[in-house]
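*Asks:* Residue-level listing of the chains:
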Amino acid sequence: MSRPPGRKQENHKISRDLFVLTYGALVAQLCKDYERDEDVNSCLDRMGYSIGIRLIDDFLAHSDVKKCRSYSETADVIAQVAFKMYLGVTPSVSCCSAAGNEFSLILDKNPLVDFVEELPAERASLCYCNLLCGVIRGALEMVQLAAEVTFLQDRLRGDAVTEIGITFLRKAEDRKHKRK
Amino acid sequence: MAVCIAVIAKENYPLYIRSIPTEDELKFHYTVHTSLDVVDEKISAMGKALVDQRELYLGLLYPTEDYKVYGYVTNSKVKFVMVVDSSNTALRDNEIRSMFRKLHNSYTDIMCNPFYNPGDRINSRAFDNMVNSMMMQVC
Chain Z
1144 MSRPPGRKQE
1154 NHKISRDLFV
1164 LTYGALVAQL
1174 CKDYERDEDV
1184 NSCLDRMGYS
1194 IGIRLIDDFL
1204 AHSDVKKCRS
1214 YSETADVIAQ
1224 VAFKMYLGVT
1234 PSVSCCSAAG
1244 NEFSLILDKN
1254 PLVDFVEELP
1264 AERASLCYCN
1274 LLCGVIRGAL
1284 EMVQLAAEVT
1294 FLQDRLRGDA
1304 VTEIGITFLR
1314 KAEDRKHKRK
Chain L
32 MAVCIAVIAK
42 ENYPLYIRSI
52 PTEDELKFHY
62 TVHTSLDVVD
72 EKISAMGKAL
82 VDQRELYLGL
92 LYPTEDYKVY
102 GYVTNSKVKF
112 VMVVDSSNTA
122 LRDNEIRSMF
132 RKLHNSYTDI
142 MCNPFYNPGD
152 RINSRAFDNM
162 VNSMMMQVC
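Quick note, the sequences are listed as chains Z and L, same order.
Mapped onto the working numbering, the consecutive letters of the first sequence carry residue numbers 1144 to 1323.
Mapped onto the working numbering, the consecutive letters of the second sequence carry residue numbers 32 to 170.
One or more of the hints may lead you astray.
Stated by the list, open to error - Taking lysine-lysine and the DSBU-like style, the derived pairs with C-alpha atoms no more than 30 Å apart in a straight line are:
#1 L/Lys133 x L/Lys99
#2 Z/Lys1210 x Z/Lys1252
#3 L/Lys58 x Z/Lys1175
#4 Z/Lys1209 x Z/Lys1156
#5 L/Lys108 x Z/Lys1175
#6 Z/Lys1252 x L/Lys133
#7 L/Lys58 x L/Lys108
#8 L/Lys133 x L/Lys41
#9 L/Lys108 x L/Lys41
Hints listed in this document are in silico derivations from the structure and should not be mistaken for laboratory results.
Using the sequences and the hints given, assemble the complete structure.
*Replies:* In structure tokens, the structure reads:
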């Protein structure tokens, strides 16, 4: 089912409020379905993963990024191109390990939590935007980069900023050796 | 400027009611409860007269010797009732309207919160702060 060629240039924008409310309804329904926060978090992660493995092709088709030579370039592309394209925000990237495989994206504005004032008292350890972690993990896996993505800090849980941590699990040099 | 602010649900039970702590709170609860009849009367009267142009702001519901009660109803039949001190004559209609508009905006923000179920009591800090800002101006 390919799209008709004329549609390629159109930018279909839907209402941002509709998207944010849909995501909120999704999380609220998951909270009703599962009692434990960990179950809700893992369910959001799985959903995000299945979105990510599909979204990566759309991203690579619409953006003009070249092959990334290093993990820090990959993290920069995620922050400056991908987040900008899909969520309209640009988190800042910082590298937090000497080995160069752990990065953190700091979001000062998260559009998904626009309407959520704070988490309900019985859901104190809920990762509201865990879907984003799954999306990043799925997308990276489809370009042969295994990574662990988690929320290091979350404004909804009382921290000062929202911080997503990406840890790349295999070094790129191993792949180059295998090719040789 | 207000001494009591209440948000009443469509089924006429209170979602949020807050008054100045120094006064007898039960008296305000009673005042708000009796004003609901006037609100219903105004809604039904307006409905027959002007079907296209439904005004949300109901205006002065009834004056008592100490207080004046103002009402505002949304399209989803949620009512906002505000009790204002009669001695505060500087309060004009425009100011009351703008206060109700702020209340309505805060209420819509609460409705958009995915964890809020419509019909629950309102437990939001942002809403409390906004109501406090309206009530503290009395002192």
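*Asks:* All hints, please: hold or fail.
*Replies:* Results of checking the hints against the structure:
The suggested pairing of L/Lys133 with L/Lys99 holds, with an alpha-carbon distance near 19 Å, which does not exceed 30 Å. At most 30 Å may separate the alpha-carbon atoms for a hinted pair to count; Z/Lys1210 and Z/Lys1252 meet this at roughly 28 Å. For the hint linking L/Lys58 to Z/Lys1175, the alpha-carbon distance of about 39 Å lies beyond 30 Å, and the restraint is violated. Among the hinted pairs, Z/Lys1209 with Z/Lys1156 is consistent with the structure: their alpha-carbon atoms are about 26 Å apart, no more than 30 Å.
At most 30 Å may separate the alpha-carbon atoms for a hinted pair to count; L/Lys108 and Z/Lys1175 meet this at roughly 27 Å. For a cut-off of 30 Å, the pair hint linking Z/Lys1252 to L/Lys133 stands: about 24 Å separates their Cα positions. Restraint check for L/Lys58 and L/Lys108: the C-alpha separation of about 24 Å stays at or below 30 Å, so the hint holds. With a CA separation close to 20 Å, the supplied pair L/Lys133 and L/Lys41 stays within the 30 Å bound.
For the proposed pair L/Lys108 and L/Lys41, the alpha carbon gap of about 5 Å is at most 30 Å, so the pair holds.
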